[in-house]
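Engineer: So you can see what is in the structure, the chains are spelled out below.
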Amino acid sequence: MAASTPAALLFVAALLALTGAAGWRPGAVRPRHVAAGVLGGVVLVGAWWLGAGVRLQLVANVAALAWWSPVVVAVAVAEEALLRGALFGALQEWRGPRTALAVTSVAFAVMHIPLYGVGAVPLDLAVGLWLGGLRLLTGSWTAPAVAHALADLAGGWL
Amino acid sequence: MSRKAAGLVLLLAGVLLTVVWRVTPAASPPVYDGVCAADPYRALGSSPAPTSASTMYGAVTTGNFQTSEVVTTETPPQAQLLLVDGTFVSPEPFTVSITPISPPGPQPSDGSIDGNVYRIVAVTASAKQLNPVDAAHSATLLLRATATSPARTLERLDGTTWTDVKTLLAGCGDTFEAATPRLGDFALVVPKQGSGGGGGGGTGPPVVPIVVGLVVILLATTLGLIRLNRSRSG
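Heads up: the protein sequence lines correspond to chains F and Z, in order.
Residue 46 in numbering that gives the first Met the number 0 sits at position 47 of the first sequence, with consecutive numbering throughout.
Residue 207 in numbering that gives the first Met the number 0 sits at position 208 of the second sequence, with consecutive numbering throughout.
For reference, chain F alone in the conformation it holds in the complex:
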């Protein structure tokens, strides 16, 4: 989530540095968690399609997104590493899964206010809840990271 590529890369670096400083390590990536993330991403895009009634079609100028796509994936993965990885894990151990789910969902929504405004809070709360649900279901941050990245890519590619 950033206004430009340099800002996005700075944001990613800050997130990963802070996540590392908190002592969190990502762990192994398991195929079933990736599969759950893909399904989760499909649901996020499906909700957009069903709820907003948009037509889904590939954008005409796909080449223009060649540099954009890896940056978007990096931002999504870094956000998930901090929220559904480090923060969720620490809170779950400390106060239980409900607190972890609530705090990370609210944090996710608040983080997006500077760029999208207060009007985006209900949507981002719902998305945070969905990604937190994936974290709870799989026990891994991989699934929400994959779902988040797919949904963000869809925002540019569709």
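For the record, the hints were derived by calculation from the structure and aren't laboratory data.
Any given hint could turn out to be false.
If you want the footprint, here are the derived chain F segments under chain Z, 3+ residues with CB under 8 Å [what the hints assert, rightly or not]: (1) 10-23; (2) 39-47; (3) 79-86; (4) 89-103; (5) 128-137.
By construction, the Cβ of each residue, glycine as well, lies at the ideal position given by its N, Cα and C atoms.
Add chain Z to chain F, keeping to what the hints say.
Structural biologist: This is chain Z only, laid out in the frame that chain F set:
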């Protein structure tokens, strides 16, 4: 929390997502998140020129108009009109169009026009002008500004005066949105005390304050994490 409870959370979140997308003004691009890839703003009279857009519809009876959008072709679009189910009723075919126009004579009293003025109309084959059937079926209009700050207000030209419409920031490309029960001529207006109006090249969102603010939030989060870890190990 059990897998069943996690499944319930997902079910609740899925329903919430669909409902929020339904009730939120059908705007807020991008879908969820991302890095904004915005071309420079195209002012009327410059090259490349801003684009127009139009969509033709057949005759529609009450409640039969389908959700639709009319969008110009810049990246992101400089003007978007989002229409919900039942917005229009017309016994004959009609066309909804968006056209950048030269600023009309009257100027806003509370600021200066930023970017282009757009004429947004729905006109039937017999030249009758249409508007949304009621306020509950207002059209959502998104216009790009040349910058985000200071916040712009979307205004509609009603005769000889510009009328404010409740405006929200819609994200990528300095885009602002508002719901309007009437079509007509629209523009974004920079408040008088602000600067940067008049349609010049934009500077985009204030990147540095945004990044600094986020880093501060994240630092606080991380410090909290470290304290948690220490309290557990202690």
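Engineer: Each hint needs a verdict: does it hold in this structure or not?
Structural biologist: Structure-based check of all given hints:
1. For the region 10-23 of chain F, the stated coverage by chain Z is satisfied: 9 residues place a CB nearer than 8 Å to a CB of that chain, which reaches the threshold of 3.
2. Coverage of the region 39-47 of chain F by chain Z holds in this model, with 5 residues showing a Cβ closer than 8 Å to a Cβ of that chain against a need of three.
3. Figure legend: the region 79-86 of chain F, annotated as covered by chain Z; annotation consistent (3 residues with Cβ-Cβ distances under 8 Å, at least 3 required).
4. Requiring three or more residues with a Cβ within less than 8 Å of a Cβ of chain Z, the coverage given for the region 89-103 of chain F holds, as 8 such residues are present.
5. Counting residues of the region 128-137 of chain F whose beta carbon lies closer than 8 Å to any beta carbon of chain Z gives 7, which reaches the threshold of three, so the coverage claim holds.
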